[in-house]
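Residue numbers (the UniProt record's numbering), protein chains in the order written: chain A, 1 to 316; chain B, 1 to 316.
The set of hints was computed from the structure by calculation and includes no laboratory data. Note that the structure is a prediction, hence the values are computed from the model and not measured. Ideal Cβ placement from N, Cα and C applies to all residues, glycine included. Hints may contain errors.
Straight-line alpha carbon distances no greater than 30 Å define the calculated DSS-like cross-link-like pairs of lysine-lysine that follow [said to hold, decoys possible]: (1) A:145 / B:145; (2) B:145 / A:12; (3) A:12 / B:89; (4) A:293 / A:268; (5) A:89 / B:89; (6) A:293 / A:306; (7) B:12 / A:293.
Stretch by stretch, here's where chain A covers chain B in the computed footprint (C-beta under 8 Å, at least three residues) [claimed, not checked]: (8) 27 to 33; (9) 37 to 43; (10) 73 to 84; (11) 134 to 140; (12) 186 to 198.
The chain contents come next:
There are 2 protein chains.
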Amino acid sequence: MNEFELIGRYFKRPAPSALLGVGDDAAIVRPTPGHDLHMSVDMLVEGRHFFADVAPRALGHKALAVNLSDLAAMGARPRWALLSLALPKADEAWVAEFAAGFLALADAHGVELIGGDTTCGPLTLSVTILGEAPAGQALRRAAAKAGDDIWVSGELGLGALSVRQRLGWLNVNDAELLAAARYKLEYPEPRLALGAALLPLAHAAADVSDGLMADLGHILDESAVAAEVWADALPSHPALEARRGEFLACLAAGGDDYELVFTATPAKRAAIEAAAAARGCRVSRIGRIVAGKGARLLDSAGVEIKLDKDGYDHFG
Amino acid sequence: MNEFELIGRYFKRPAPSALLGVGDDAAIVRPTPGHDLHMSVDMLVEGRHFFADVAPRALGHKALAVNLSDLAAMGARPRWALLSLALPKADEAWVAEFAAGFLALADAHGVELIGGDTTCGPLTLSVTILGEAPAGQALRRAAAKAGDDIWVSGELGLGALSVRQRLGWLNVNDAELLAAARYKLEYPEPRLALGAALLPLAHAAADVSDGLMADLGHILDESAVAAEVWADALPSHPALEARRGEFLACLAAGGDDYELVFTATPAKRAAIEAAAAARGCRVSRIGRIVAGKGARLLDSAGVEIKLDKDGYDHFG
Chain A
1 MNEFELIGRY
11 FKRPAPSALL
21 GVGDDAAIVR
31 PTPGHDLHMS
41 VDMLVEGRHF
51 FADVAPRALG
61 HKALAVNLSD
71 LAAMGARPRW
81 ALLSLALPKA
91 DEAWVAEFAA
101 GFLALADAHG
111 VELIGGDTTC
121 GPLTLSVTIL
131 GEAPAGQALR
141 RAAAKAGDDI
151 WVSGELGLGA
161 LSVRQRLGWL
171 NVNDAELLAA
181 ARYKLEYPEP
191 RLALGAALLP
201 LAHAAADVSD
211 GLMADLGHIL
221 DESAVAAEVW
231 ADALPSHPAL
241 EARRGEFLAC
251 LAAGGDDYEL
261 VFTATPAKRA
271 AIEAAAAARG
281 CRVSRIGRIV
291 AGKGARLLDS
301 AGVEIKLDKD
311 GYDHFG
Chain B
1 MNEFELIGRY
11 FKRPAPSALL
21 GVGDDAAIVR
31 PTPGHDLHMS
41 VDMLVEGRHF
51 FADVAPRALG
61 HKALAVNLSD
71 LAAMGARPRW
81 ALLSLALPKA
91 DEAWVAEFAA
101 GFLALADAHG
111 VELIGGDTTC
121 GPLTLSVTIL
131 GEAPAGQALR
141 RAAAKAGDDI
151 WVSGELGLGA
161 LSVRQRLGWL
171 NVNDAELLAA
181 ARYKLEYPEP
191 RLALGAALLP
201 LAHAAADVSD
211 GLMADLGHIL
221 DESAVAAEVW
231 ADALPSHPAL
241 EARRGEFLAC
251 LAAGGDDYEL
261 VFTATPAKRA
271 AIEAAAAARG
281 CRVSRIGRIV
291 AGKGARLLDS
301 AGVEIKLDKD
311 GYDHFG
């Protein structure tokens, strides 16, 4: 067993739901009868998706969180994860911290790590997540209907604010706000409980990873509808309220939010607010689905606001 | 949509068995009732797992083949794959060739690519493979029993010979042999049909990726048994027969074979040979499982042969 295989042992945990966990050619699980299997993969590369000096515990959390967020956007319950990890060197302290962050979030959501691969290479992570939902039930991007409300969970813009401050594009002098923003960037909380609760309530959903307008745009494209989004309704941190105009690009198109954007018939407003409140999750109604094509961001007078970019582009 | 997302389109194919394929937050499939789900992930890094100048079509084949080989070793039928791909630049010609190699092998085995992620970064691949087998049936490493025969499929040593020639560790002057070796290295054929046929016949199985003695060692450790392996019985290419001694390290411990090593009771000899013959696959009986610990490689006089390394170590 080489050093990297030894390091893989940091991730070896009991997986009571698995028939066979880490240590054979493949892991074996028994899917729940009457359920569909939902799965997604995300790859994170140093310098593209995270700063080189990110704390390994935060990186472990985020690597899993961004995948769980995809399942939240489907309304699926996460079950199993596989982790591929390329590391420049076999740094045991780093791996211990990374594993602690990853596994703490996994435990919090009942996710079992049942497979993986650890190797030597430029720091790169790839997490595969598998979840389940009752057969035929899912929050698909293609399900939005004209007349739907558009909702978003939590608060927007903080992750993007943190990235842009770090890159020197912004100059924010509010230490408390910056700390909150950095925490939101590094420890996003996937909205799994909300997503599952929305299965019978919402039509379409997506998670906000590339920026609200971009991710809403995917829903619109897949559903062949358009949207009006009310800039004043975009939820954010109290410290940003007085400076909404300045930070509108972060709010509407910043990315790294890992909130849910979803659509639902107006008849479900009260039920959605109750479901969110029961899960301690803020939800805000931010616009409506209309016939047509594309998303328009509107000011309080109903005039369209044009942003330079409509989403965060990792390669832009 | 950025260049990398556009390139992701090369992998977008109809996935008739999926309820939802590429293009939402997650893919959705419906597992076959009465079956267990088998899954594995492998990460390949340039310069560690493949040469930087490998043809992209060969790399696409191999990235999937090494994963399929894991399922073959479980006796599972492959169903779905997810691909994470980090590329230094958005080279469309390269991606077209890579996708062609990957998808040709996928098509040959009825595998549907239902998810993935393409991003910018040092060339790194991670493939997640999912397969199914009837509930409770699997070729586990932990199932070998004292008295079992040890078998291996196909021929050993050619992949390792190609790597070692390329690295300058060997000096082979047989162009035909070198061509065969390189082909075996770059286009390994996962032994899926054989693996599935072995489900009712074999006890334990593993795929030979790190070298016969190392991978057999995993079976022994998990099964708490020992093995005698007969050096003269290790199957190889006809051109190597006259030089077995010289190439014994490649045969017994070379790696990159992607053959199956498996154990079975002697009562199944005829059935195993018939099952392999029906699938056009050579199988060779190379030793036996005994009580104890560890694997011993024996010469024709029964004297133990000690190799410098008992397996190929990517970081050795």
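These are the hints, each one checked on the structure:
1. A:145 / B:145: Violated: residue 145 of chain A and residue 145 of chain B sit about 61 Å apart, past 30 Å.
2. B:145 / A:12: Status holds; Cα separation ~26 Å.
3. A:12 / B:89: violated, 35 Å
4. A:293 / A:268: holds, 24 Å
5. A:89 / B:89: holds, 24 Å
6. A:293 / A:306: Holds, at about 16 Å.
7. B:12 / A:293: The hint holds at about 24 Å.
8. 27 to 33: Holds: 6 residues of the segment 27 to 33 of chain B have a Cβ under 8 Å from chain A.
9. 37 to 43: With 7 residues close enough to chain A, the hint holds.
10. 73 to 84: holds (count 7)
11. 134 to 140: n = 3 at 8 Å, threshold three: holds.
12. 186 to 198: Not satisfied, violated; 0 residues make the cut.
In the structure shown, a violation is registered for the earlier hints numbered 1, 3, 12, in ascending order.
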